[in-house]
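Chemist: Residues per chain, in single letters:
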Amino acid sequence: EVQLVESGGGLVQPGRSLKLSCAASGFTFSNYYMAWVRQAPKKGLEWVATISTSGSRTYYPDSVKGRFTISRDNAKSSLYLQMNSLKSEDTATYYCARRTGRSGWYFDFWGPGTMVTVSS
Amino acid sequence: EIVLTQSPTTMAASPGEKVTLTCRASSSVSYMHWYQQRSGTSPKLWIYETSKLASGVPNRFSGSGSGTSYSLTINSMETEDAATYYCQQGSSYPLTFGSGTKLEIK
Numbered sequence: 010e011v012q013l014v015e016s017g018g019g020l021v022q023p024g025r026s027l028k029l030s031c032a033a034s035g036f037t038f039s040n041y042y043m044a045w046v047r048q049a050p051k052k053g054l055e056w057v058a059t060i061s062t063s064g065s066r067t068y069y070p071d072s073v074k075g076r077f078t079i080s081r082d083n084a085k086s087s088l089y090l091q092m093n094s095l096k097s098e099d100t101a102t103y104y105c106a107r108r109t110g111r112s113g114w115y116f117d118f119w120g121p122g123t124m125v126t127v128s129s
Numbered sequence: 028e029i030v031l032t033q034s035p036t037t038m039a040a041s042p043g044e045k046v047t048l049t050c051r052a053s054s055s056v057s058y059m060h061w062y063q064q065r066s067g068t069s070p071k072l073w074i075y076e077t078s079k080l081a082s083g084v085p086n087r088f089s090g091s092g093s094g095t096s097y098s099l100t101i102n103s104m105e106t107e108d109a110a111t112y113y114c115q116q117g118s119s120y121p122l123t124f125g126s127g128t129k130l131e132i133k
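As given, the protein sequences belong to chains S and R, one line each in that order. Under this note's numbering, think of the first position of the first sequence as 10, with each following residue one higher. Under this note's numbering, think of the first position of the second sequence as 28, with each following residue one higher.
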């Protein structure tokens with residue numbers, strides 16, 4: 010059974026940093042691209058970052074580029090999201106998701122999410 | 028960036044009613060994917076590559092479309108189908124989601 014479990018969320022002041030983790034199990038982690046998707050309170054879904062199987066390629070939307078860094082440790086089946094220079098608009102539940110598909114990428118498994126609140 | 032516009036924003040349907048949700052893309056995409064999110068839970072993949080049902084999805088659901096216009100149809104609404112449905116394109120970065128359709132039971 011595929012399982013993704015996020016951790017590391019919490020309350021952080023604007024301008025500070027936070028690192029999220031995602032522990033994966035039930036599949037060969039190193040064979041899959043992985044991603045982070047977030048959802049602000051009462052809002053829709055926003056893709057945040059994607060990383061290739063080896064970690065050599067990463068992708069971000071403009072809203073987080075230069076502030077967030079996605080990484081992975083295939084030996085530990087773990088995914089990470091380093092978030093720097095946090096803003097109030099980064100307040101959201103952050104989901105770890107497995108990306109799949111060939112010509113039309115999608116997310117076939119999601120974790121339960123971890124809440125990040127950016128506030129003074 | 029490909030913008031996805033979902034309609035309606037909110038709707039209510041009676042048990043047994045046929046329901047159609049639409050998703051329009053600002054540029055042509057290869058496929059559309061759909062997610063169901065019930066209140067307080069994480070999204071679940073529901074329909075992928077436009078028309079393929081994810082594991083465990085009842086066959087009263089179907090998906091169709093091409094180019095810039097896609098839809099999700101429920102043949103006969105059931106209580107358990109009340110949720111928010113999001114479309115998502117994976118044809119180009121940035122990956123984008125629609126703003127969602129909240130489907131309620133009448």
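Hints may contain errors.
[What the hints assert, rightly or not] Below, a list of computed lysine-lysine pairs in the DSS-like style, where the Cα atoms sit at most 30 Å apart:
| # | chain 1 | residue 1 | chain 2 | residue 2 |
| --- | --- | --- | --- | --- |
| 1 | R | Lys79 | S | Lys96 |
| 2 | S | Lys51 | R | Lys133 |
| 3 | R | Lys45 | S | Lys52 |
| 4 | S | Lys74 | S | Lys85 |
| 5 | S | Lys51 | S | Lys85 |
| 6 | S | Lys74 | R | Lys71 |
| 7 | S | Lys96 | R | Lys45 |
| 8 | R | Lys71 | S | Lys52 |
| 9 | S | Lys52 | R | Lys129 |
| 10 | R | Lys133 | R | Lys71 |
| 11 | S | Lys51 | S | Lys96 |
| 12 | R | Lys79 | S | Lys52 |
| 13 | R | Lys45 | S | Lys51 |
| 14 | S | Lys28 | R | Lys71 |
| 15 | S | Lys28 | S | Lys85 |
| 16 | S | Lys51 | R | Lys129 |
| 17 | S | Lys51 | R | Lys79 |
| 18 | R | Lys45 | R | Lys129 |
| 19 | R | Lys71 | S | Lys85 |
| 20 | R | Lys133 | S | Lys52 |
| 21 | R | Lys133 | S | Lys74 |
[Unchecked claim] Residues of chain R placed beyond 12 Å of chain S at every Cβ, according to the derived structure:
| # | residue |
| --- | --- |
| 22 | Gln33 |
| 23 | Ser34 |
| 24 | Pro35 |
| 25 | Val56 |
| 26 | Lys71 |
| 27 | Pro85 |
| 28 | Ser89 |
| 29 | Ser98 |
| 30 | Ile101 |
| 31 | Gly117 |
| 32 | Ser119 |
Derived from the structure by calculation, the hints contain no laboratory data. Virtual Cβ for every residue (Gly too), placed ideally from N, Cα, C.
Chemist: Report the numbers of all earlier hints that the structure fails to satisfy, in ascending order.
Modeler: 1, 5, 7, 21, 22, 25, 26, 31 and 32
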